[in-house]
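Enquirer: Starting from the structure of chain A, add chain B where the hints point.
Letter by letter, the chains look like this.
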Amino acid sequence: MTSLKRSLESEQDSANFSSKVYVRSTKSGKVQKIVREVYLRQDIPCSSKICSKCRNTAPANAAGVVSPFVLSDKPAGTKEYPQGHYLVPDTNALLNAMDLFEQSTAFYDVIILQTVLEELRNRSLPLYNRLIGLTKSEDKRFYVFFNEFRLETYVTREEGESINDRNDRAVRRAVQWYNSHLAQTKSKKLPTVVMLTDDRGNIEKAQAEKTPATRLRDYVGGLENGERLLDMIAESQEKGISRDKKAGDFLYPEHFSLSKMMTGVKNGMLHQGIFNRGSIKVPAFPKALIVLGRDNINRAVDGDVVVVEVLPKDQWKEPSTKIIEEETVTKNENADGDEGEDLVTEKERRALQEEVKKTHSTSTEGRAQPTAKVVGVIKRNWRQYVGHVDQSSVSQSAKQGRKQESVFLVPMDKKIPKIRIRTRQAGELLGKRILVTIDSWDRDSRHPIGHFVRSLGELETKAAETEALLLEYDVQYRPFPKTVLDCLPKEGHDWKVPASTDDPGWRGREDLRPLLICSIDPVGCQDIDDALHARPLPNGNYEVGVHIADVSHFVKPSNAMDHEASIRGTTVYLVDKRIDMLPMLLGTDLCSLKPYVERYAFSTLWELNPDADIVNVRFTKSVIKSREAFSYEQAQLRIDDASQQDELTQGMRTLLMLSKKLKQKRMDAGALSLSSPEVKVQMESETSDPIDVKTKELLDTNSLVEEFMLLANISVADKIYQSFPQTAILRRHGAPPKTNFDELSNQLKIKRGLELRCDSSRALADSLDACTDPKEPFFNTLIRIMATRCMMSAEYFCAGTQAYPEFRHYGLASEIYTHFTSPIRRYADLVAHRQLAAAIDYEPMHPAVRSRGKLEAVCKNINVRHRNAQLAGRASIAYYVGQALKGRVADEEGFVMKIFSNGFVVLVPRFGIESVIRLRDLAEPEPESTFDAENYVLKTSGSRELSVELFQKVVVRISDAKDEATGKRGAKMVLVKVIG
Amino acid sequence: MPLDTSTYNLALLRVDGRRWNELRQQKGQLGVQPSADGSAYLEMGNTKIQCIITGPNERDTKSTSSASTAPTSGGLGATVAVSIMIAPFATVDRKRRGRNDKRLQEMQTTIASGLAATVQGQSYGPRSTIHISLNVLSQDGSLLACLINAASLALVDAGVPMTDYLVACTAGSTSSYAAADEEADPLLDLNTQEEQELPFLTLATLGATDKVVAMLTRLEGMMATAADGCKGVRDFLDGVVRDKGELMVQEGAIGRGEVVSSMDLD
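From first to last, the protein sequence lines stand for chains A and B. End of the first sequence sits at 978 in our numbering; the numbers just go up one at a time, nothing left out. End of the second sequence sits at 267 in our numbering; the numbers just go up one at a time, nothing left out.
Just so you know, these hints were derived from the structure itself, not from any lab. Warning: the hint list may mix true and false statements.
Lysine to any residue pairs mimicking SDA-like chemistry, simulated, CA-CA at most 20 Å apart [unchecked claim]:
| id | chain 1 | residue 1 | chain 2 | residue 2 |
| --- | --- | --- | --- | --- |
| 1 | B | Lys96 | A | Ile32 |
| 2 | A | Lys28 | B | Arg97 |
| 3 | A | Lys47 | B | Leu11 |
| 4 | A | Lys852 | B | Leu199 |
| 5 | A | Lys412 | A | Arg381 |
| 6 | A | Lys28 | B | Phe90 |
| 7 | A | Lys138 | B | Leu11 |
| 8 | A | Lys31 | B | Thr92 |
As the structure is a computational prediction, the values presented were derived from the model and not from experiment.
This is chain A alone, in the form it adopts within the complex (with noise of 0.2 Å):
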């Protein structure tokens, strides 16, 4: 008998098999070879229309559908290339210039190698990704060819030879194949097959072949609008011959390999975490580590998973009571380097370690507080940035000519570091906003190196500006796909409830048309969630209805629209715009409980005794007909005015009775009243142009409403939790920490000999209720705005991520609190409708509702959308604000809110904007000044004397000003007198 070894081995190399071999190693850096089986095959098509070859041999999957070929049989053609061409681009190609594949105008028929595709996935996931969107796009015609699995184009890697050069073969081979394999369908008009590279070395070798080759700059370069798309291509690999600089070129130390970062951290000497604003929080320590100046940055960018080292003690920084600017934060500041550091020893640096504890734990007053350096970059976070161009980075002769030259692109962010882009453009490009991508930092830049993607319009234009803000908050603003509209009702605004309670749609639906329900929004709402009703009942007590559209009727679990809403998250609120969630159609009609017609809610009824107490509360889906819809200033007026006596306005004096008591129920229990500065922009009805700014009013109707959506919000929570202990859907409010409120309690007990007490949300918010200054109204709420920062912010979670008592809501005083009424504009109640109705055995509960791993990334999601909705709404009301001061002089009362010893943070409330007031703007020269930071006091003296302190009210003069540094218009503030 044979030996097993040799007589299966001699089968081994059959024509169409192969294997892989290749070796990799772990996280824990262990070595493992891996063997793969390569099956290689004759059937995969070139996916050419005009190949009738492949087309019998194409592929079906198991339910016996063939894909549609891809490529054109028409393909557009150039100059070179007059019969058409398709084009293979190489893995370079796609690193440096994704942003050209994803052009409108050119790059169409484009073949996707499956090396290509493997090795991009090795060097840049969100490329990747981005890549494979486009090969889904039908319109872009993008085709992935399996060369590797296809006989003829499999290449094997020679003896010693890398395997680059055995990937870019490859290539060569499937563009040779491709050509030859479209030669045989004997077509009139023969497309070439180019192969689009970066690479010097592979375009010769493809040029001593014969294989169609060109270089990226020449092809796009020979476009129709090539010199716009030339600027889209990045910087970086191109001259990477060149670039062979001597040491002392670099500005910046070397990154650690990762191997080394990883074992750092392990033994606890280096740590990870994100850098954020010039900090690092590390799980190590219970404090941010502090990261200061250019070299120790070491190129992170703000959101960047690094590596960083503590520093020696020697270099930790006190505490500042200065207003940094941003020139002293990039100034260079250890421009010695750091040659004692390699003589520290291992000991050494664990009792650093320890000292950082120590320090971290005790009060931050006056000591010196760690820093650190980062020493590596785990994971860029680099995603597209708005900015605009320096003007000084400008040279003369580029506003009128075409030459190419560096310009840098200022950020609209201020944590991004200027970029450096290349342009033939900078003319053009000039007071305008654009967006770019960064694409590398090296050692030898100063600056990260990005590219140009495309302009958004003049600054301060509103058109521009919007957008600017859209993608700097990430929010979703394109029209909804075709996709989305698809799940809509057919009947588009014809869609009536059914007349007949026999249809489908009233299966379980409780008929609740005869309630007298009405609506309270503010003017002009469009997108009504919810809407109440309140009747007395024969034993005396109230039943109270919330009702709140029923939006998950119309969006269903896991088609394209709830995918699209859940990616959204939030419905987004600009001054002069909304970002809706879901389209139009469901959001301002069907779903929208407008008045006077019949509409699909959901229900929350309870019975309520005098004294608001709950007696019993359910849920059900239902049909109603609203009677009217108020605004908060005619629902006042209606129930102010006493002729008024039908049962509509009867209901709602037992719904603001009601809610009266509710909301003393709440503060009894500890609810916290918080501020913030908020203001409203009023607007030229016909141009929309902004011309005044209001603080906003409340009245007794905004109270209402809130407390009783608060009241359906619990009471949902409650019950759904009940049903579903694991993946329920809740919203909490973490309790501050106390050092939180540190610096808050110590500037009070100082000036106002007040007492900040925060061991309860309950002793706060008495304590809050007790910093007031008769002379003063407005210092009350200044202090409350003044809290309100030391807040954590809520977040949505899923049940069984958390134990109970976490679950409380901090601000709300209540232990369980979810959100449920407006489905049309949050994510997390259409979820919670949907956990609701299957706990109530409305409906089954979908497996997406169902899974918690799911619903933990729906509420990751939602969390950080909803997070940038805020900031978007805020920096758009910065933006009118800006707009509506434009070319205005006022003088206003402000208050100082924060104190330095070169200058001090005035807050206007008349505008909700606050600004800083520095020493050098008060007089010329600036005068001299003595802080007294226990006291919060600053002194001048010489060419301006004045007193100023904290809490302290003072008259400004306030007039608009461009910020060159970012390009917005904001106020400026200059001090006027100092009042009391």
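Expert: Frame of chain A, contents of chain B only:
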């Protein structure tokens, strides 16, 4: 990081270049261990199994302590005892496995009870045991299926009467249940990478018949695919056995008439 299973939909090609309904390359050999009562060697892709049959001989409780046993013919026939050994070098990371590995024990029990249904053990009597030792030499997915197939083959070599081959195969789905993608393709004969990323099941059928009751919607597709795969495996095993028979005839080990009667299993 090479591509993963998510690229299947791009060109209907799996990570190793197969289509959805293709088995991996298979190799099999009978009688690889002349000193044993029966033996076989089977490869399905890079999963490589050697199976040794000892017996039937008198029951010996000591030697079956770590094996899983199942009686044949309703307790009237011989007992089937299955033990699996995974060689330390069978996986990417070299590691030793204890005999108490619960997953191994489960597989042993599954194989034993499966084989007990097809082995005609009554000719040996209830006090005898057929020992089936399965040695995993290399592991690359579909382990249970491959073990069952190797055991079937070795039992044929040992001349143990069976009603038919017990054949097994895995099938997976390109999408998970939660994704609720009804168009997901079923995949046949998964390798390790696919097993790690996709939901799958192992299905054993008795020879050419496929008495399988279909259940849930998408599961049906997977089961049908696996059942087809089982047929393919059965044809392959049959081929191996017949080749061996031919060879034995050529070498003159057995007379022609005898071969036909004992090797004709259909």
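Enquirer: Please go over all the hints and tell whether each is borne out by the structure.
Expert: Hints and how they fare:
Between B/Lys96 and A/Ile32 the CA atoms are separated by roughly 16 Å; this keeps the pair inside 20 Å, and the hint holds. About 17 Å separates the Cα atoms of A/Lys28 and B/Arg97, which keeps this hinted pair within 20 Å; it holds. Distance restraint check for A/Lys47 and B/Leu11: the Cα-Cα separation of roughly 17 Å lies within the 20 Å cut-off, and the hinted pair is therefore satisfied. Distance hint between A/Lys852 and B/Leu199 is fulfilled; the C-alpha atoms sit about 17 Å from each other, no more than 20 Å.
Only pairs whose Cα atoms come within 20 Å are accepted, and A/Lys412 paired with A/Arg381 is accepted, the gap being roughly 15 Å. About 15 Å separates the Cα atoms of A/Lys28 and B/Phe90, which keeps this hinted pair within 20 Å; it holds. Between A/Lys138 and B/Leu11, the direct Cα distance comes to roughly 15 Å. Compliance with the 20 Å bound is thereby established for this hinted pair. Between A/Lys31 and B/Thr92, the direct Cα distance comes to roughly 10 Å. Compliance with the 20 Å bound is thereby established for this hinted pair.
Going through the hint list in order, the structure satisfies each hint without exception.
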